[in-house]
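**Q** Each chain, letter by letter, is given below.
Protein chains: 2
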Amino acid sequence: MSESFKSNPSRRAFLRGTAAAAAGAVAAGAARAAEPDPLITEVQEWASGLGDGVDATPYGLPIEFESDVIRRNVEWLTADTISSINFTPIHALDGTITPQGCAFERHHSGAIELRKEDYRLMINGLVDTPLVFTYADLERFPRENHVYFCECAANTGMEWAGAQLNGAQFTHGMIHNMEYTGVPLRTLLEEAGYSAEGKWVYVEGADASSNGRSIPMEKALDDVLVAFKANGEALRKEHGYPVRLVVPGWEGNMWVKWLRRVEVMDRPVESREETSKYTDTLEDGTSRKWTWVMDAKSVVTSPSPQAPITHGPGPLVITGLAWSGHGAITRVDVSKDGGKTWETARLAKPGEKMALTRFYLDTTWDGGEMFLQSRAMDETGYVQPTKTQLREVRGLNSIYHNNCIQTWWVRENGEAENVEVS
Amino acid sequence: MSESFKSNPSRRAFLRGTAAAAAGAVAAGAARAAEPDPLITEVQEWASGLGDGVDATPYGLPIEFESDVIRRNVEWLTADTISSINFTPIHALDGTITPQGCAFERHHSGAIELRKEDYRLMINGLVDTPLVFTYADLERFPRENHVYFCECAANTGMEWAGAQLNGAQFTHGMIHNMEYTGVPLRTLLEEAGYSAEGKWVYVEGADASSNGRSIPMEKALDDVLVAFKANGEALRKEHGYPVRLVVPGWEGNMWVKWLRRVEVMDRPVESREETSKYTDTLEDGTSRKWTWVMDAKSVVTSPSPQAPITHGPGPLVITGLAWSGHGAITRVDVSKDGGKTWETARLAKPGEKMALTRFYLDTTWDGGEMFLQSRAMDETGYVQPTKTQLREVRGLNSIYHNNCIQTWWVRENGEAENVEVS
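Chains as they are written, first to last, in the UniProt record's numbering: chain G, 1 to 422; chain L, 1 to 422.
FYI, nobody ran anything at the bench for these hints, they're computed from the structure. Since the structure is predicted, the reported quantities are computational estimates derived from the model, not experimental observations. Misleading hints may appear alongside valid ones.
It does not matter which identical chain is used: a pair holds within one copy or between any two.
Said to hold, decoys possible - With a Cα cut of at most 30 Å, we get these calculated BS3-like pairs of lysine-lysine:
1) Lys199 / Lys353
2) Lys219 / Lys6
3) Lys116 / Lys349
4) Lys199 / Lys6
From just these sequences and the hints, can you work out the full model?
**A** Written out as structure tokens, the structure is:
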């Protein structure tokens, strides 16, 4: 054979024992001392008959073999399942888009059923003309499309107390990333004619909890979106159908679902959700309040406790997600030794503002144990801190905004465990 | 009240009769002569009780009220539903991502069930070392993420004969757009060590039809992807689980599902799918063959026959999709008078190469009839042609590659119909 184009020889070594042998058993003229792959000599049922027709699934679900890729909740976390949360199976996903069907939910009085015909959105308060929009009204305003991450402020919250939950889904799964279609809130505020005295908006939803939050006017007029589609289709019931608020880069709690009312005010409401909840008490007794912006954060999703390494030494793909509410992720580093040394990972695409960024480290595993970490940096120059660094600033009483570096202890057998390293 | 910030007054007029009146009935101190909105005085059940808990749907489906947003097939199009096609409900979608669950399917022997453990991918032919990869092997190679559209070459094919199908879903719905995660085919070809004599690859799938196609080596080494995730999660059964080929910008038929084998060859195979099918006979008796690249194309998805205008004159959002296999969409124009005059639409985002682009025209409807069209341009300078222009070049015997300008006749009552205009 004439010249050929080959890859780096070190990687081919890992395949030689498996793939080459299997191919050798069937490739014409090649004699190799290897066990033939039994699969290739048996009848392959899927290749020998007809499959499902095009009328089988008007709206499809994942194949049954992907039953690991589901939302999960942790029963002991909350008193009931109604005011509660579940977690996105980030250990099993790749890319950046989170399918609506397995994207985490956080409800305060459960997910409600609200029809488009019944839907109303009121804009009132310090405005020239209070207005009540129907869903059909909203569809007549100019729309925008944006991909944004939504992270609950309590994401990773259990980990303040230590390495508690054994899986990236549970430690970091209060997050999703979707392409939203909607009308800028600014457009609706201008429609009502907002007063120059308006410094805040109070937003609430149509569910029993209403989940009212105060948002400063600068943010409301900036990039807040009144959204009615996610990943191309209507919002799912559990994601606020038919309309939710999207507050890019800010706490998930503010992304009010089943959005019902926006009131322009000259002061904040200081609702339950921004005083009793979503605040953190520091060691000196004062509380961090209105910690709106989600700080830069990252996590290795694979390998991880729910995604152990199932092969031997050799080529290994380490992958994970990074994000920042302050703008675009610029860099992610990965460590295999608990933060002693770092390598810079490859970003699948340049970081997008307030959206999930996928990173990869294509590396070689020597088969030994690893203490895997990732560390994100965003465009402000901020670097994701260690848990020790965070605790020094926040003390030990925090619930929210735990964006510390996560460590997975990966053992020689490929299994991983959530640990803390100093 | 002090100064306030208002939008353009012409748009506020449309709301005055509805929204303002409704708000007026409840806003403090405002007396308006209008019927109170009955909805606001009745008990709102959804606001008065608890909704679903977080364990209700480990993997969710759309809310029942969105039952229009499904794949549909046209029974008389094919002899059976096994070697057949269905259509994406593009009339009801927005943004650019197509959810896997309602993304169109085209099968030649039905959608098969193939487990990851049973999956094998062979690379053979003019290579140093024939290889057979397991799914687990593929996960060890460097991955990439890309958003690409996939369009069947037969999309809009029925319309060659005239204005046949009454809906954008049916005229243009053999298309979807997803974020793919996978390994470049180039990587795997280098792994096997492809020969300099290799000018083509022959790709086939594991289903009974195998759907073999020949792809020129330059394309195979360029951006062809061996993909195993779409929109973050595993490919759906009907989209080729667990692995499919992604051939950016090229005919959907080449995006072999359940990818089984890639053979490096010094000549094309001239399989059934590239001779008997996916070719078009011209008036002089010769055939267009290997018309790989999907030309620039666009369609207005709303208003359209399945998405009539349900409001009166005033603000109207005209929206649709544009795409090109030759690169990025640079501009989309919209006409309301069947192509006599054109306005340039707003692109939701700058065009991305080989991905769907969403466009909007935020306009004012005078309530009269319209002949709505859209016309796309891509980065090569190519302009989407009219049907007349296309027929002059292709004759009347074509089945595939109908990328002509589409016309919807919108009547005063808001209903739309598929028509041809000269």
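**Q** At 30 Å max between alpha carbons, let me know whether Lys116 reaches Lys349 within a copy, between copies, both or neither.
**A** Only across copies: Lys116 and Lys349 sit 28 Å apart there, 37 Å inside one copy, limit 30 Å.
**Q** My question is about Lys199 and Lys353: at a cut-off of 30 Å on alpha-carbon distance, are they close within one copy, between copies, both, or neither?
**A** Classified as within: same-chain Cα gap 25 Å, cross-chain 42 Å, threshold 30 Å.
**Q** Check Lys219 against Lys6 for me: Cα-Cα at most 30 Å, and say if that holds within a copy, between copies, both or neither.
**A** So Lys219 and Lys6 pass the 30 Å test across copies only (18 Å; inside, 53 Å).
**Q** Up to 30 Å between alpha-carbons, please classify Lys199 paired with Lys6: within, between, both or neither.
**A** Close across copies (16 Å), not inside one copy (63 Å); limit 30 Å.
In terms of the numbered hints stated before, the structure departs from none.
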